[in-house]
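S.K.: Chain by chain, the residues:
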Amino acid sequence: METNLKSKAFQEFSNAAETLVNPVLQRWKDQGGKVVGYFCSTVPEEIITAAGLTPFRMRATGSTGTEESDAFYSSINCSFPRHCFNQVLTGDFKFLDGIVCVNSCDHVRRIYDNWKRFVPTDFIEMMSLPRKTGPDQVGWYTEELAMLKDKVGKHFGVEITDDRLWEAVKLHNETRRLQKKLYELRKQEKPPITGAETLAVMVAGTAMPKEQYNEKLRELLDELSGTEGPGGHRARLLIVGGILDDPAYIKVIEDQGGLVVTDSTCFGSRLMWVEVDENASDPISALAQYYLTDRPSCPRMYGEHDNRAQYVIDMCREFNCDGVIGERLIFCDSWLVEHYMLGQDLKAAGIPMLKLDREYLTSGIGQLRTRVQAFLETMGR
Amino acid sequence: MALIDKHPELARYITEQGWFEFLREQTLAMIEIPEMQLQVKTLDSLLKMYGRILDAVENDKPFVSSYYCLAPELYTAMDLPYYMVMQTPFLASSVPYLLTDIDAAEEMGLGNDLCTAIRLSIYYVEANLSPLPTCALNLLYPCDGAPLLHEVIKRNERWRNIPMFACDPPYYSDERSLDYFADEMRKMAKFVETNTGAKLDMDKLKETLEYSNQMFQLWDEYNQLRRNVPSPHGWGIGAPQCFSQAWVYEAGTPQGVEWFKKLVEIAELNVKNGVGPVPEEKIRLFWFDLLPFGWVFEFLPWLEEEWGAVMVMDMFGNFPYTMIDTSSEEEIWRGLAKRNLFDAPMVRQARGVADNFANDIARIVKDFKIDAVVWPGHMGHKDGAATVGIMRETCRDLSVPFVHLGLDLFDKRYSTPDQIKDKMSQFFRAMGLG
Ligand code: SF4
Ligand code: SF4
Numbered sequence: 000m001e002t003n004l005k006s007k008a009f010q011e012f013s014n015a016a017e018t019l020v021n022p023v024l025q026r027w028k029d030q031g032g033k034v035v036g037y038f039c040s041t042v043p044e045e046i047i048t049a050a051g052l053t054p055f056r057m058r059a060t061g062s063t064g065t066e067e068s069d070a071f072y073s074s075i076n077c078s079f080p081r082h083c084f085n086q087v088l089t090g091d092f093k094f095l096d097g098i099v100c101v102n103s104c105d106h107v108r109r110i111y112d113n114w115k116r117f118v119p120t121d122f123i124e125m126m127s128l129p130r131k132t133g134p135d136q137v138g139w140y141t142e143e144l145a146m147l148k149d150k151v152g153k154h155f156g157v158e159i160t161d162d163r164l165w166e167a168v169k170l171h172n173e174t175r176r177l178q179k180k181l182y183e184l185r186k187q188e189k190p191p192i193t194g195a196e197t198l199a200v201m202v203a204g205t206a207m208p209k210e211q212y213n214e215k216l217r218e219l220l221d222e223l224s225g226t227e228g229p230g231g232h233r234a235r236l237l238i239v240g241g242i243l244d245d246p247a248y249i250k251v252i253e254d255q256g257g258l259v260v261t262d263s264t265c266f267g268s269r270l271m272w273v274e275v276d277e278n279a280s281d282p283i284s285a286l287a288q289y290y291l292t293d294r295p296s297c298p299r300m301y302g303e304h305d306n307r308a309q310y311v312i313d314m315c316r317e318f319n320c321d322g323v324i325g326e327r328l329i330f331c332d333s334w335l336v337e338h339y340m341l342g343q344d345l346k347a348a349g350i351p352m353l354k355l356d357r358e359y360l361t362s363g364i365g366q367l368r369t370r371v372q373a374f375l376e377t378m379g380r
Numbered sequence: 000m001a002l003i004d005k006h007p008e009l010a011r012y013i014t015e016q017g018w019f020e021f022l023r024e025q026t027l028a029m030i031e032i033p034e035m036q037l038q039v040k041t042l043d044s045l046l047k048m049y050g051r052i053l054d055a056v057e058n059d060k061p062f063v064s065s066y067y068c069l070a071p072e073l074y075t076a077m078d079l080p081y082y083m084v085m086q087t088p089f090l091a092s093s094v095p096y097l098l099t100d101i102d103a104a105e106e107m108g109l110g111n112d113l114c115t116a117i118r119l120s121i122y123y124v125e126a127n128l129s130p131l132p133t134c135a136l137n138l139l140y141p142c143d144g145a146p147l148l149h150e151v152i153k154r155n156e157r158w159r160n161i162p163m164f165a166c167d168p169p170y171y172s173d174e175r176s177l178d179y180f181a182d183e184m185r186k187m188a189k190f191v192e193t194n195t196g197a198k199l200d201m202d203k204l205k206e207t208l209e210y211s212n213q214m215f216q217l218w219d220e221y222n223q224l225r226r227n228v229p230s231p232h233g234w235g236i237g238a239p240q241c242f243s244q245a246w247v248y249e250a251g252t253p254q255g256v257e258w259f260k261k262l263v264e265i266a267e268l269n270v271k272n273g274v275g276p277v278p279e280e281k282i283r284l285f286w287f288d289l290l291p292f293g294w295v296f297e298f299l300p301w302l303e304e305e306w307g308a309v310m311v312m313d314m315f316g317n318f319p320y321t322m323i324d325t326s327s328e329e330e331i332w333r334g335l336a337k338r339n340l341f342d343a344p345m346v347r348q349a350r351g352v353a354d355n356f357a358n359d360i361a362r363i364v365k366d367f368k369i370d371a372v373v374w375p376g377h378m379g380h381k382d383g384a385a386t387v388g389i390m391r392e393t394c395r396d397l398s399v400p401f402v403h404l405g406l407d408l409f410d411k412r413y414s415t416p417d418q419i420k421d422k423m424s425q426f427f428r429a430m431g432l433g
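These protein sequence lines map, in sequence, to chains H and B.
Numbering-wise (numbering that gives the first Met the number 0), the first sequence opens with residue 0 and increments by one.
Numbering-wise (numbering that gives the first Met the number 0), the second sequence opens with residue 0 and increments by one.
Chain H extracted, bound-state conformation (with noise of 0.2 Å):
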């Protein structure tokens, strides 16, 4: 299933996707710009962007084996991180000038201590990430957020100011407003656009500078308004999952008639459904309090099933969605309880759920659409 995007913003968000340094990126870098990339959606990337450098996002896209991060990982671990580390050992991480880890989950979090031993780096630095999302972990993370605002202040040489960051934060909502707009436009009867094109979309968004990005996502915007997709397709589906960074997998599902209108993952709605509060005292706990509490959460936080399941039907029905496929990486924990979980939700809910289990790189196609296609059938469409 495709729209037929052939705009020059489509393009480039499509190529950035499918690399880690797009030409945008590589041309901030050109001009001197630096890039700190990050692990996990909990890490408030307006602080990056406040010290004047760009936000990076951490995928292993092009990433071909794990033959050299097989030393430091075992066959048990994600495959997202053994790639993503294999990428770090062979170099393709060079044009990062820092990294920021946090502790998501077991396999994650020990790329932060792989990295620091094995491969020297000037900047890299863990943050401690609360389990809970009460206000005594606000103000952790408070303090988890300034701290981490003074460590780039310092090592980068630049003073981060409360204006600075407010700025960020203006230009990050703004950021979230432009793709909760391409979201709205998939609720149409015949989206304009996939759910694989638009995760490209989104993918793109944390690959390169916010200003040059929200630019390309106005122009997009332009030219789907007032537009429709072909329809024609089977059902409508929501995904659900951790890190899904590659379109060519919701477009075998979407090749079998399954259009993806919505979703809640990592690269996704979860990213910015919700806004940072631009009225809040000062910009620190503002951001606190949105990363850990506010902005829709993943498993990895502890006591928000119920709010998670809930957001994953209401979108269901904001989307007007027939189904629900739950994705997850072999060997995930989190996501393989919420999705245990999730399915009992949701049956309940009468929505019928279909839970494949990937690896990061996409393969094991054939299997892939049966899966799709027997769901889609007992669906009746």
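These aren't lab readings, by the way, just hints derived from the structure by calculation.
Bear in mind that the values here come from a model prediction, so they are computed numbers and not experimental data.
Just so you know, not all the hints are guaranteed correct.
[To be verified] Capping the alpha-carbon separation at 27 Å, the derived lysine-lysine pairs in DSS-like fashion look like this:
no.	chain 1	residue 1	chain 2	residue 2
1	B	60	B	189
2	B	203	B	337
3	H	115	B	337
4	B	189	H	115
5	H	209	H	179
6	H	180	H	7
Dock chain B with the ligands against chain H, hints included.
M.R.: Structure of chain B with the ligands alone, referenced to chain H:
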């Protein structure tokens, strides 16, 4: 009406109790062996714990579900029975129905790559096979599995309305983290008071902690004895029993102190007589995990008999034995926070940055004259699996052989005992050990 009819959730618990009574009978038959006298005492403590929970359910008395690394001395001081939700895999995985329950967990939709201890515990909760406590203290560390298990607990229809509290774990091990966690523990104790009606008398807690300090001190003394060549004990007695006494059944009791005294006495005698678990100790192993509780007897005796390989130390046997300063309330909470978050076995390695993997290996290899380090690679220990490079490098620097096995501590079908024996034999041969 039988207790089980009124409380079907006790089905497994009562069977487990029966199983331990049976094991006690078996052990009694060997009572002339001093170590077996201690095993009987351990089983007595365990059975007392089971009895207290069943009595609490039957007579509507308060009890809590909690964990070894959530300050068990508090419950002793409050005279509150407690049990661990993950009790079956950790303390009772010799029960004959373990594999059937693992299969049932998989059928429930929990797959086969999530830690079996977590899968089993989710199964017991979801299948209504876990005692329903007055209030629950949930665990959010050391791995991803633990908070997810408790998310299931929180959502389960029978547990939903049980009051719950969870201490939030910081990731670092600095003073700020210590204060934060001490505060969480303080809130936890308040929560228990409010929801059970039990009172925490600080004098009583102080007394309990003093007993507990004595136990840890004696444990440390015992470990010094294990430095001897030959080691006075192998896998048969040591960490699992010490752990269950100090952290679970007898946390901060005079009986616990007596148990440790007896252990030290027996070990001293063995050292004096130059006696160890095998006639000739050939290889001194550091087994860097829990024991493979689901299939201990099919593997560990073989290590000793076939190779003269003695498990001198394991992950649960040695950690910093920091005494808790009981001179002020402030210090008590900080001490509890330190012991339960920074020191507690498995938590100290898995919860934070990987430094303790390297530090523990270096310390233990040196102190215990270790000939080989075994990383069993339990399928649940994903953070450890991502630390193998660091462990291997540490061993290389120490010039001590290192082997990574890949197994499930609870399910012998994951890697069979024969496959593991084969890997161990190949390793020993390749390294010229034994
Ligand atoms: S998919 Fe799961 S295990 Fe893999 S990186 Fe994400 S949270 Fe970690
Ligand atoms: S055995 Fe390891 S992985 Fe399993 S619950 Fe314990 S810490 Fe987590």
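S.K.: Look at each hint and say if it fits the structure.
M.R.: To see whether the hints hold, each was checked on the structure:
no.	hint	result
1	60(B) with 189(B)	holds, 19 Å
2	203(B) with 337(B)	holds, 20 Å
3	115(H) with 337(B)	holds, 26 Å
4	189(B) with 115(H)	violated, 40 Å
5	209(H) with 179(H)	holds, 15 Å
6	180(H) with 7(H)	holds, 19 Å
When each numbered hint is compared with the structure, a violation occurs for hint 4 only.
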